[in-house]
Amino acid sequence: MKSASNPLPIAIVGGGFSGTLAAIHLAKRLPDTSILLFEEAAEAGPGLAYGTGSSNHLLNVRAGAMSAFAERPDHFREFASQALDRPVDAAEFLPRAIYGGYLRSLLKQALERHPKLEVRHTSVIDLVADARDPQQASLVLKDGTSLEVSRVVLATGNRGSAFRTSLWSVHTRAARDADAYDGLHPDAPVVIIGTALSMIDAVNELERRGHRGPIHVTSRHGLLPHAYAPPSSVPVPELDHLPDSNLRKSVRLFRKAVKAHEAAGGNWRDLFAAIRPYTPGLWQELSPRDRQRFLRFISPFWEIHRHQCAPETRGLVDRLITSGRLTIHRGALVSVERKGDHYALEFASRTSRLPNRTLEAARILDATGPARDIHTLRHPLICNLLRRGFLTSDVHRLGVETLPDYRAVQRNGRPAPWLHVVGPMLRARYFEATAVPELRLHAAALAARIAGELQQVEAPALAEVA
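Its first residue numbered 1, the sequence shown is counted upward by one per residue in UniProt numbering.
In case anyone wonders, no lab produced these hints; they're calculated from the structure.
Incorrect hints may appear among the rest.
What the hints assert, rightly or not - List of simulated lysine-lysine pairs, DSS-like, C-alpha gap at most 25 Å: (1) 249 <-> 259; (2) 256 <-> 142; (3) 142 <-> 116; (4) 142 <-> 28.
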């Protein structure tokens, strides 16, 4: 146990966007405390989301909304303008690799300015509570060594795949992996599982590599993300009147507002942007039954409207559909059979009136996106936290249970005093917790809370970050 003048370090596990931003904010607020950022990959900063080297993979958010700091909205745009040696418009969709460079730059600057901030490229595989002091814990590292810490921030991000737990995942390649496309004949048929944003990245990568063969894209609903369009000049109605606890009424009123806005010459996208600050509060007020109804019946349609893509990338998909090279299939995968150097995939239609159909593929790409259910993850630390009862998932398996101060809720229902969560696993509480505009607020708020606790002063009111 260390004294106040020589405090125990704070550990952040996961060096993607959320972990990196949390580390930067903590280093600023606690200059005399060791801040240890653990990232098992070769570099910290970009993470899985922005680690791509392909210029074809574009951000799904405009450059003007991608600053890592909400109080400095042009911060990323200024970096990009300098990196590209040209002015960058706020409405541009830049390559994801540029954003990865931005995060590397932020971390490099923070490491230079704060000597107590350190990146360690190793894995944290377990956490053990300190029997002497409930306010601290010990990290267990991959090599078996342990390290006492005062706080742990879990920022492991989007790990695993929503499809990887299926019986047929052994036959698939993760669409985000660069080597998933190696050795593929240009004319060979490809099946992509998933029709959301990860699929669009996969199609772009196939196109970049000169693929000419048929592409079959499949999901249960067969829904594609909409392309972004500039906001209209029509005034957007206030949405603070939506009833917090009545899903049916809220949906009805929101649809009515969308129709009225479109009738006045506006764009439906304006309303989806306007409701964004209210989404966490609306989600938290819904009953468990209404949350389940939303996830089952509304969420697939909500996601394609809420999470839009760059017009250029959606345009490529549309052109391939028009040419007949890309086909969208609605249905559920029933079986996968290996036949020599090809696969036969059987799909059941969403309507029982249609027979099952079989698709042939030389390569199956998993583009289902990240797994939300932490129980399906094979990360040793997550598995051990669940086993020890330090971490619990929400009933809908969207993420982990947390309090407004970001502390993890344990199996016994009490908060873990030393374990905090930031990043997409906050989706269980806030629903909106996957994009930079939300995650940057959570990272800053978490750092303020931890610093306030350790400095024994009252932290700013952070109750719910919208």
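Hints versus structure:
1. 249 <-> 259: With a Cα-Cα distance of about 15 Å, the restraint between residue 249 and residue 259 holds, given a limit of 25 Å.
2. 256 <-> 142: Distance ~55 Å between residue 256 and residue 142 Cα, so the pair is violated.
3. 142 <-> 116: Holds. Residue 142 to residue 116 sits at ~22 Å (cutoff 25 Å).
4. 142 <-> 28: violated (29 Å)
The structure does not agree with the numbered hints 2 and 4 stated previously, though it agrees with the rest.
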